[in-house]
Each structure stands twice: as C-alpha cells, then as structure tokens.
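Colleague: From first to last, the protein sequence lines are chains A and B.
At position 22 of the first sequence the residue is numbered 22 (full-length UniProt numbering), and the sequence of numbers has no breaks.
At position 278 of the second sequence the residue is numbered 278 (full-length UniProt numbering), and the sequence of numbers has no breaks.
No lab work stands behind these hints: they were computed from the structure.
Just so you know, these numbers come straight off a predicted model, no measurement behind them.
Incorrect hints may appear among the rest.
[Stated by the list, open to error] Derived pair list, reagent style SDA-like, types lysine to any residue, alpha-carbon separation capped at 25 Å:
(1) B:K510 - A:I22
(2) B:K511 - A:L13
(3) A:K39 - B:A114
(4) B:K129 - A:D11
(5) A:K30 - B:V484
(6) B:K425 - B:T49
(7) B:K59 - A:M16
(8) B:K302 - B:A239
(9) A:K57 - B:K346
[Unchecked claim] Pairwise CB distance ranges, derived in the manner of DEER restraints:
(10) A:H50 - B:F177: 27 to 37 Å
(11) A:I27 - B:P312: 51 to 61 Å
(12) A:N45 - B:A342: 50 to 60 Å
(13) B:A281 - A:P44: 37 to 47 Å
(14) A:M1 - B:L79: 32 to 42 Å
(15) A:P44 - B:W421: 51 to 61 Å
(16) A:N48 - B:K374: 24 to 34 Å
(17) B:L397 - A:R3: 53 to 63 Å
(18) B:K51 - A:L36: 44 to 54 Å
(19) A:P17 - B:R48: 20 to 30 Å
(20) B:I145 - A:I27: 21 to 31 Å
(21) B:L397 - A:L36: 34 to 44 Å
(22) A:R3 - B:W124: 16 to 26 Å
Glycine residues also receive a C-beta, built at the ideal position from the N, C-alpha and C atoms.
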Amino acid sequence: MLRRAWMLYYDGLRNMPRWARILCIIIVCKLLIMFLVLKLCFMPNYLNTHYTTDEEKSNHVLNELITKP
Amino acid sequence: MLYEISSTTLVEWSRWQFAMTAIYHYMFVPLTLGLSFLLAVMETMWVRTGKEEWLHATKFWMKLFAINFAIGIATGLILEFQFGSNWSNYSWFVGDIFGAPLAIEGLFAFFLEATFFAVMFLGWNKVSKKFHLFSTWMVFLGANISALWILVANAWMQNPVGTEFNPLTARNEMDNFWEVLFSPTAMNKFFHTVTSAYTLSACFVVGVSAWFILKKRNLEFARKSILLGSVFGILSILATIFTGDTSAQDVTHTQPMKLAAMEGLNEGGNGVGLTVIGFLAEDPSLPSTRMKTTRYGIAIPKLLSFMSYRDPDAYVPGIQNILDGYTSYEGITYPSIEQRMANGNKAIEALTSYKQAIQEQNQEKADSSLQILKENYGDIGYGYLESPYDAIPPVPLVFYSFRIMVGLGMLFVALFILSWWYAKKRKFEKFRFIPYLAIACIPLAYIASQCGWIVAEVGRQPWIVQNLMPVNVAITRIASGWVVTTFWMFAILFTVLLIAEIGIMVAQIKKGPKMG
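So here's chain B without its partners, still in its complex pose (with noise of 0.2 Å):
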C-alpha cells in the first residue's frame, strides 16, 4: 500500500514536472516560429522598395523576437534532462527514435538559428543588405527546422510507426526513417503546431501595434503592421483550421479514444453529431467515474462523423464502444480493453520467457516466445493497466480544452478581419473595442496554444508510447520527494525567465520604433 501511495505520487509529480516545464517552454516557442517570418517579409520589403519605415519596423519587431529568442534558448533542454532523471525506461525504451531527431533538431538549431541569429542581430551595416536579408530567411527556416524535429519525435509517440522492438535491447529501433518523418501524425502536428504558431506571432504584432493605435503614437508604422499582421493572420488562422481538420481525422484512426475524449463520447454509433458547447458532469450510472455526462450540451447534427470519415453517416465509436470493442466504419475490428489487457500480458509474459531463454541458451523456446511477443507486441502496453477504465484518459480535461481553443480560434478569425478592414479604411482607432480586443488576444493566443497541446498530450493518456507504454511504466523509480524538489526548482526559473522578458519586452515596446 505505502509502495502504491508512493509510486502514483512519483507518477503524478513527474507528469506535473514535465508539463509545467513544457507549458513553460512553449510559452517562448511560437513566437519564435512565426515573427521571423514576419521579419524576413518587412526586411524583404525594405530590401525591394528601399522604404526606411521597413527598416524600422524590422528592426522593432527584430528587437522583440531578440528578447522573446534570447530568454528561451535552452529551455527545452531541460525537458531533455528530465527525460534522463525521471523517465529512464521511456529514453531507453524509445532509444533512437528520439535521438535521431533531436540530434538532426541540436545541428540545425545550433548552425542555422544561432549562427543567423547573430548575423541578423549583430550584423546591420557589416553585412551586405541581401546577406542581412539571407540571415534573416535562416532563421525562420531553421526554427521551423528544429520545430519538425521535435515533432516527428512527439508525433511517434502517439502513433508509433516505422520501427521494430528488440527483445534483446529493450528498445525500439527504427526500420524505416521516412515512414517516421513522413507519417500522416506527424505532417499534420507539424503543420498544425507551426500554423497555430503563426496564428499566435500574427495576434502579437496586431495586439502590440493596436497599442501604438491606442496611444495615439507612431501610428503609420502601426497601421502597417496591423495590415501585415492581420493578413498573415488570416491566411495561418486558415491553415490552422485546415490542418486542426485533418489531425482531427488522424486521430479518428490513431487515437479514437482520445476523439471521444475530446467530444466526451461514451456511445458513438452512425451520423453523431459534434458537441459546440456543453458541460460536463458526474453521472452514477455510468460504470467508471472517468466517464461523465454532457449537459446542456449544443451540437452540430452528424458533423463528427463527417469530420473524421467525410461521411455524415460514418460510425465513430465512444468510450464505451472502444472499451466493449467495436468495427471501424473501414470495417476493420478492434477487440476489447479487456482483450487487449490479455493480449499484453502474453506480450510481457513472452518477453520474461524470452530472457530466460536468452539466459538458458534455449534457441527453441527463445524463438517460440518472440513469436508470441511479436504477435502481441502491438497491445503491450495494455498489460500494465490494472483495469479497462485506466485507458480512459481525463476527459473533462480534454474537452473543456478543445473547446477553449476552437472557440478562441474563432475569434482570431473576427479578429483578423476586423483589423485587416478598418485598418485598410483608416479607422481602426474609431472602434475603440478592436484595439482592445486585439490587445486581449495576444494573452488568449497563448492561453489557445497551450490549450492545444493539453488536448494533444493529456488526451493521449494513460500512455506515453500509445498503446505500447504507459506513463506509470516509463518513470525511473526515484524518490518522489526528489522529483518534487526539481518540481519547485524548475517552477522558480521559468518564472523568473517569464517576468524578465515580459518586463524587458514591456519596456521596449513603450520605447517604441526609431522613426525617421
């Protein structure tokens, strides 16, 4: 009992470890991945037209990006230490799968992003315009490099292809490296991560530019760049919402559990409708109380099963379908947890087999064992679940979130047309609720972001690896007071480093651009 206390404490203050440092993390990511673009547009313009008030717009926003850059370099690496510390067996267990990609991610941050980084910074009138110009297109081409890395890496672990697990080595090595990179999971994470990046750098530069509007200050350069922000906001509020559809149908086929999550499904069946709106609450006569009931809910009628088959009538199965098993709208069939809770312990019985036959030389029975393990190898994450309903990940947590981030969404997308019309008549400043508005959406930017990551990692629970491990099995088994400490050390850093750039960035957007 005392063991169990200790173990679900170590569990739990890990995930909460790694999601405070990843919530923290990204807080400095999208920035980065959208505003040098943004930058490399106006330097561009400046370099064509030859316009001084490109140059000076560059060089403010480059000024912000410096400071949002600078105070979240190397933040990441602490995710990857703790992948060291606190999740031994998961570092082990996915062995290169995520080294390669994070090596190839090491190369290109280091010799593209910090390389340019220090041209584009440091070198104004030492370089040529169009190797200034050059840098600045380096660096937003490697930070989105290093960004599909990283995502490739995150994409496996929700959809585990292209790689074969060595009983001998206890680690899954990649058998086909394209199929990795290029898998459906992982495209559309890409793709979705760095639109929603781009959708949250476009609020920045609109919601910063719609303060100069409110102060009556340098207001042609904030015209222009509400006009530059709210037109690339458009277009990747539009992508995001693209590829948010198309990850959505990947998960349908990966991930059905977490679908239901997000729509807080416990019985599917054929033309089911996607919940706008609604509450979740307790209800005593569902079996497990990880599984609630929406209330005054609002729904689209047959939208989720057109959404994730393009058919209004398609099947899309809840959380009690995929508990009970069920067949797919492609027909394939899908056994029970229960089942699959079988089929993974004669994976782990297999591979105890298989080691001590290993250890007895006993080729016959060491190859009768990995042909179980192999045959059940996809499930084997089930056998460490203690019951079907631990598959269940938390769902209000899930939904509220998708909401939250839809919902904000739409509201980029009103946003953005307001801003890109009135600015384009000159009357942005005469509607005193935009400027506002706009100012309020750079918080909620954040707030969607982070939102998106909850729905895409929260959602995938209990596993860490899907299907085949769980978070309870990838700790390394250290002393929860350990991890608590690291907890609170990380807490205190990140904080700092968040106040130092808001109150550096603050102070240098009231400074304003260097004009004429």
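Same shape as in the complex, but just chain A (with noise of 0.2 Å):
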C-alpha cells in the first residue's frame, strides 16, 4: 500500500509534462518567498515577537482598547 502511494508520486512527479515541472518550479519558489523572505524577515507575528505570555499580550492589547485611537 504504501509502496504503491510511493510509486503514483515517484512515478507521476518523474513524468510530469513541461508545464507541469514549471508549475512545480514556481509553487517552490513561491513558497520559499512566502516563507523565508516575507513570513521571517517582512511579517513577524507582533505580539508574538514583542511579548512571551499569554498575560503580557492580553495586557497590549486590553492597553490598545483603552486607548483612543
């Protein structure tokens, strides 16, 4: 069973048509760009990189509600 799902993507990624391996050529790249370059260096998560637990967030965000704009 397992061989056999391992043979439809072995097989079925190996004769792939043109088209296809550029496809798979820009869903890589995409990925890469997404997640290293954008998620890592461009789009941290705020709270997540600013504060540690759960409490100091709650606090950020109950300080921005305060707050007025």
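The two chains are supplied separately, each in an independent frame; assemble them into the complex guided by the hints.
Modeller: Following this line, the structure appears as structure tokens:
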C-alpha cells in the first residue's frame, strides 16, 4: 500500500509534462519567498515577537482597547 | 497632528494591503471551487458511459484546473501573515473565533484537497477508475468545505454571534460553536459565495470553449463543454440570485447601514423602491460629504421594502434615519449613533475601570464595572468613533460595485440561456456575437466576483468586527513605511503569479484537448 502510494508520487512527478514541471518550480519558489523572506523578514507576528506570555499580550491589547486611537 | 497623519496613513495602507492581497487571492479561488465540480461530472460521465470524449474533456479541463490550483495555492496564507503583523489587535481580540475555523480549514485543505489532488493529477492509470473518480469528487468537496470555514470566520466579522468577550484576556471566546457555524449570515455568505464561484467557472468553461468554436477547432468537444457549462451556469446563476436575495434580507437585519449604502439611500421610509441605475453626486445640503444624492435614478417602486421584509410597504431606514435612530419594521427601536457612541464610551470606561479594579483586587468595583461593560458591550466599537458620520461607509464604491455585480449577473443569465440554446441547436458558431460575448464574460465574471466582495467588505466599514471594533483600533502601531514596503512586495509577487498563470493557461488552451 505504502509502496503503491510512493510509486504514485515518484512516477507521477518523474513523468510530468514540461508545463507541470514549470508549475512545480513556481510553487517551490513561491513558498520559499513567502515563508523564508516575507514571513521571517517582513511579516513577523507582532505580539509573538514583542511579548512572551499570553498575559503580556492580553495587557497590551487591553491597553490598546482602552486608549482611543 | 503628526501622529494623526501617520496613524491615518497606517490604517489606509494596512487596508489597501489587505484589500489588494484578498483581491489577488480571490482571483484563484472561485475557479477551484466550481471547475472541480465540472471535472467530477465529466469524469463521472466517462466512468458511466465509457466514452473517450469525456475522458479527453476531463483531462483538458483538469490541466487548466491544476494550473489555477498550483498558482493559487497558499496565496491566502499571506492574509494570515497580515493578521499577525498588521492587525495584531484584531487578531488577538477575535481569539478562537477565527482560529478554530481556520485550523479546521487548514486540516481539510491539507488532507482532502492536497492529498486527493495528487491522486487526481498524478494517478491516471495508477489507481482504479473508481478511486480516481472518488479522488476528483473529494477535491471538489475539500475545496468547498475549506471555503465554508473561511466564510464562517468572515461572517462572524459581519455578525458577531455565539461569543462572549472576556475582559481579563481582551478576547472574544466562543460559547456556542453551532451558532457561529449556522448563523444566517454564515449560511448566506457561504452559499452566495460558492454559487457565484460556480457561475464564474461556468463562464470560464463556456468562454474557453467559445474560443475553440471561433477557431473552428475541436468543435464537438467545445459544443459538449458549452452544453455542460451553460446548464451548470444557469443553475448556478439562479442559485446566486436566490442566495443574493436572502443575503440582502440578512443585511437588512444585521447591517442596515450597509444596505442603505448599497442603495445610496439617505432618507428611508415605507414602500421604498430599489434603484436600478443612477449616479451619485455631491449635495451641499446634506450634513456630511460622506452622503451623496442620487441623480437620474431609475427605481422599481417598493422593491427594496419587498426584498427586505417581503412586504411592499415595509419601512426601510436610510443613512440619516440610522444616524438619528429609528424603529424597525419588526418594532425594534435602535438608538441614534450619538447615543451608541455614548454607550460605547461607557463600555470603554468600564473596561478601564475593570482593569484597574483587578489590579487593585477590588472585587466590588470589578463586579460593577463588568456589569456596565456587559450592558454596553454591543456598542463598544461606537466609542472609538469621533463623529456619528464616521459610521457611514464609502457610499459610491458600495453603490456602484453592487450595480456592476447585479448587472453582470443578469448578463450571465442571458449568456447561459443563449449558449445552451444555440449549442443544443448546433448553431452556436452561426451567431458570432455569442462566442465573442462568451469570451468577454470570462474577465467580466471575475469583475462581478470582486465587486461582490467590495460590497461585502467596504460596505461593512468602518468596522472590522461589526459594531465592536473599527479598523483604526484593529491595526498594529507599526511604521507605515513598513506596510508600504510590504504592500509593493506583495503586489509584485502576486502580479508575477497572475502573469504566470495566464501565460501557462493560454499556452495550454492553445494546445487544446488531446483527442482520439
């Protein structure tokens, strides 16, 4: 069963037409850009990077809610 | 003053960034939702009849589906990144309301769509016919169930039900999962969105097939695809119209200001007509520049009242009535926005005092503050508004988007009926305006789809969570330059992806299906 599943992916990916290979390259590049560049360098989770505990995060948001912008 | 300018810029750029990302993301989604159904039907026809033409049709449309799926996959994650970076107050405030449906969506997306997509795409001749067909149906089911969870989360922002605010953690906590899942807003939003996505997919199939007719290539394949696409299109657009009507009824109850903006209705009343077409203009006699006057309007008498309450003489409030306070058709009295702002201020003060009481360990003060907070929590968002007119969304954008969406919907009804009739009579190619119209309807279907989202999301403004949190409270106070930078990064990334999708797709369409 596992071997059949493996072969499905292995054979399928090896015998893909050119356009499908291009798509795979696009997907890999996109995921690398999204997770390694955008997420890590430009879009960190603000609360997770500035506060460690849930209590600190709650306090921060509570202060934001009671301080009008 | 400097803080005000940068704060406004930050809110606007954060909103633009989210809107741009959502618009791009939603260019990939609807085709996945609807084309997967048509693939499953075509493959079912092949398995049942054994006719090779259905197999070739399935493989051709599956190729286009795969291109769209592969390019679009994970683009929605950028929206989730933005929740954490640009909208951290919102993301914390909504708590598990958003987290739970999105986690379920992640599981379904991964296990159903991704797993069965691999079998569907790579499994020809490697798994049995029936298991392959099962996988194709699972891809359809997985995509649509994923959409359900996303739309449930979105519906909660429009109509926050089934939750209770915890002032200790500053989070809304789900106290009734089923109320969140089956709220009329969630159900209407889900069915309206997916049926409109099916309509877009039908336009895509009919339009691409029409191109083959014009090129006099693969005529039998194109005719069969047009017949299947147009029948699916007729059923889908009728369902879209029906669910659009029930959605409007829901908006009447939950977001009357949005309904008034959709109609550009300043003064409501009994027996209000529905504006079919009209132009909005500035009117110095109106109390706010956010309000516009409809010029050269053509209206169907009493239709808005009928659509809202199934009573042609029902009372429907306009923008000014909502600002001043009104009594609804059901007899519920809604206070003026000024009163709601006062209630909101009480809620914010009670929250402040509750926080102090907890720090001082003063239980009596905490209890009384909590009581005041609970009594006024439903209006807490109004406490952040500076003027009652801040509660008015951008009327022209909502008004025109609504009319473009509905007008194009009517065009699609005509397209599907004509396409079905002339394809059935084998005369599709003789009336050349029909294939051209069908091709033009591919981008028009995307425009209609995006306009629908503009009505839903811009019409909700100034709220990110209806009545509870305006957008300017939801944002993270980071440098606006940072948001501007990431805006352009996303714009470039998505534009490249879109160009890649269109390029690869056009090349594969030109190759056409492999016949015989």
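Colleague: Now look at each hint and say whether the structure bears it out.
Modeller: Here is what the structure says about each hint:
{"no.": "1", "hint": "B:K510 - A:I22", "result": "holds, 17 Å"}
{"no.": "2", "hint": "B:K511 - A:L13", "result": "holds, 22 Å"}
{"no.": "3", "hint": "A:K39 - B:A114", "result": "holds, 22 Å"}
{"no.": "4", "hint": "B:K129 - A:D11", "result": "holds, 18 Å"}
{"no.": "5", "hint": "A:K30 - B:V484", "result": "holds, 21 Å"}
{"no.": "6", "hint": "B:K425 - B:T49", "result": "holds, 23 Å"}
{"no.": "7", "hint": "B:K59 - A:M16", "result": "holds, 14 Å"}
{"no.": "8", "hint": "B:K302 - B:A239", "result": "holds, 23 Å"}
{"no.": "9", "hint": "A:K57 - B:K346", "result": "holds, 24 Å"}
{"no.": "10", "hint": "A:H50 - B:F177: 27 to 37 Å", "result": "holds, 31 Å"}
{"no.": "11", "hint": "A:I27 - B:P312: 51 to 61 Å", "result": "holds, 54 Å"}
{"no.": "12", "hint": "A:N45 - B:A342: 50 to 60 Å", "result": "violated, 36 Å"}
{"no.": "13", "hint": "B:A281 - A:P44: 37 to 47 Å", "result": "holds, 46 Å"}
{"no.": "14", "hint": "A:M1 - B:L79: 32 to 42 Å", "result": "holds, 37 Å"}
{"no.": "15", "hint": "A:P44 - B:W421: 51 to 61 Å", "result": "holds, 56 Å"}
{"no.": "16", "hint": "A:N48 - B:K374: 24 to 34 Å", "result": "holds, 30 Å"}
{"no.": "17", "hint": "B:L397 - A:R3: 53 to 63 Å", "result": "holds, 57 Å"}
{"no.": "18", "hint": "B:K51 - A:L36: 44 to 54 Å", "result": "holds, 48 Å"}
{"no.": "19", "hint": "A:P17 - B:R48: 20 to 30 Å", "result": "holds, 28 Å"}
{"no.": "20", "hint": "B:I145 - A:I27: 21 to 31 Å", "result": "holds, 22 Å"}
{"no.": "21", "hint": "B:L397 - A:L36: 34 to 44 Å", "result": "holds, 36 Å"}
{"no.": "22", "hint": "A:R3 - B:W124: 16 to 26 Å", "result": "holds, 19 Å"}
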